[in-house]
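Novice: Sequence:
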Amino acid sequence: MSKVPRKNPKGPSPDPSTEPPSLFDNMALFDAVTPAPQPNDEEADHPVPQGGVNLSSDERQAAASAHGGTGPLRELMDGNFLQFASYTICNRAIPTVEDGLKPVQRRIMHSLWEKDDGRFIKVANVVGHTMQYHPHGDASIGDAIVNLANKRYLIEGQGNYGNLFTGDPAAATRYIECRLTELARSELFNPKLTAFIPSYDGRNKEPVLLPCKLPLLLMLGADGIAVGLSTAVLPHNFIELLEAQIAIIQKKPFTVLPDFMTGAKMDVSEYSNGTGRVKLRAVIEPRPPNKLVITALPWGQTTESLIANIEEAIQKKKVPVKQISDFTAERVEIELSLNVGATQEQTTKALYAFTSCESSISSRPVVLFRNRPREMTVSEILQACTDQLLEILKRELELRQRELDDLFHSKTLEQIFIEERIYKRIEEQLTYEAVQQAVLEGFVPFRKKLRRDVTLDDVESLLQIKIRRISRYDINKNREEIEAILREEAEVAENLSGLRGYAVRYLKALVKKYKDKYPRLTQIAATPFGEIEVRALTASELTLKIDRENGYIGTDIRGGEELFKCSSLDKIIVVWNDGNYKMIPPPDKFFVDKTFAYCQIFDRDKEFTAIYTEPHYGFTYIKRFAFGGAIQNKEYHLAPEGSKMVLFEEGVPDVVYVKYKPAKAQRIHQQVFTPSEVLVKGVAAKGIQMTSKDIAKIATKKPSWWDDSESTPRGVLT
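Residues in the sequence shown are numbered from 2 upward in steps of one, following our numbering.
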């Protein structure tokens, strides 16, 4: 059965010299962005050759043997994975420097240009047309159109395209319309300078790259995740990019910084030429009597997500806000009513510290440049775009120069043919060949007026002139047209000889035309934001209370005795009378019994003095220590198990007054000790023996039970 021959696809045949290399030719695809792996000890004897699909069969076998064996399945998996990785990087996830677009975006723009008549088109129709070129589903195409339309530069939308501020989705593609913007129509397309390749099914031709004269990659920004790499390119201000290109052409220094459509304030202290990160803060304005209004969002946040985040912080008592009202429409307006006693300044700091009102965005431009992935800086991308602009402008001028030359030739031929009445020569000719020869001979005397020889194609076009046009021929008008061609040729030649100056004038014209339409939206902070003292903001947000009757402490105890105020970021240390201690976060309710000796905010470096009686011989010891590090909720011992704490104090008392229990033949009934004689040790260290006598009473201030008339020897602590 014979096959039906396939029709030739529409569109010009691609120039083989401009055909892009195969995306799967070489593993160097990954080398630009991925460092070569270093062999471990086991691999040192069996190094893996580099080069991927360029390996010889022997090298492939040796490499596979070192990594688990050989076989057709292994080779199939290796080959398929490489093709999948290459396809994902080059045909889906990573944008190109040359036109700033991913493949789906390029196909959308090409489809819009093919259907463009100046009027709005149903997005569903554009999606269907794009599917001629795009091998994936319609949903991805529709989402990409909405995304491009919301970025303003390339696609003008009509209908519900969602809301960038609230996060509301766009309407279905059958309900919304779009068309190319004037900027896209004039700066992105020129089929005479475009190389085409067959589409995925071979029925159509699609552009390899669009001849873009704009730094579109930096205008739009991009993000994507591929196999083994990801990219994050932040959007920049269109006008500032054009001004930077002017500076590049004029060899002057320049700086460009990101600009986000949601506005906000930006700290670029950790950002350098496209790498690093920027910090963004919502714009928060005070309003009387005691309110705050959020008027701009950090990039990546919506009013819905930000309000949910603030509500979560309110529940955790992080921010003193009692009511949130969202009045967002064309502009962001989230009104926050503050609690009684809360200040606008402190609440603003708390919003930045505990909510998404402050966020950071990392930037790492991994892009396709000359069909290979590379990590580039913003300056390098802009330099490449500027070089491409100069090249495209040169090619456009050369193309126009050839068109003007052809136009001058045809106008001059027409002028001579009619003014010199060469058409009269054909009246007596009997054959078509004789007619052609008569016309050719008629131009011989006027060869000096022409730039090139007259061809049969020229004769054919002259013979197509209608007699009505000859009878109404305007000699003066034709001469004016020829003079206009000569003037334009001179202008084009001048622009070609001064290409850089021509490019600067071209860019300045764009700046003048679009400056008011695309102002900077993100404010650049004059100084870095700086760290907010979070602990200072929350130092008194919680009140720890004690229920002595039932033996509970916590922040959620009703009617208890207040111990101290603390932050949710603090840790609490609880010490019991038996020498056990535990570090815990501020609890809602925690049972400590009535035997606890100490409870306070944990400070690992604070010094304490403890006196305890060990259980075996009844000797009493003193120790000075700092708690140091501790694991949360783990129980520790600062004295031997079964001991009894007789004194526990912060710092070092000047003296300790001790009264002993009466005993037979006991000559010393009271003593004074100086704790400062004891060295500071670790919390687990054993204390220094104070006495072997049983202690009846102990105090750090001279008590009423102290007998000044009785002999009181000073205790020795060594």
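Hints listed in this document are in silico derivations from the structure and should not be mistaken for laboratory results. Small disclaimer: the values here were computed from a predicted structure and weren't measured. Some hints could be false.
As the list claims (entries may be wrong) - Lysine-lysine pairs mimicking DSS-like chemistry, simulated, CA-CA at most 30 angstroms apart:
(1) K103 x K509
(2) K317 x K566
(3) K449 x K425
(4) K412 x K546
(5) K252 x K395
(6) K412 x K450
(7) K123 x K152
(8) K682 x K665
(9) K607 x K509
(10) K253 x K292
(11) K687 x K595
(12) K449 x K595
(13) K583 x K698
(14) K583 x K682
(15) K595 x K566
(16) K607 x K635
(17) K546 x K635
(18) K193 x K412
Claimed, not checked - Derived DEER-like restraints, expressed as beta-carbon distance ranges:
(19) Y176 x E404: 22 to 32 angstroms
(20) E650 x T713: 14 to 24 angstroms
(21) T528 x G229: 34 to 44 angstroms
(22) Q601 x M262: 42 to 52 angstroms
In this text, a Cβ means the ideal position worked out from N, Cα and C, and glycines have one as well.
Novice: Of the numbered hints stated previously, which ones are contradicted by the structure, given in increasing order?
Specialist: 4, 8, 9, 10, 12 and 19
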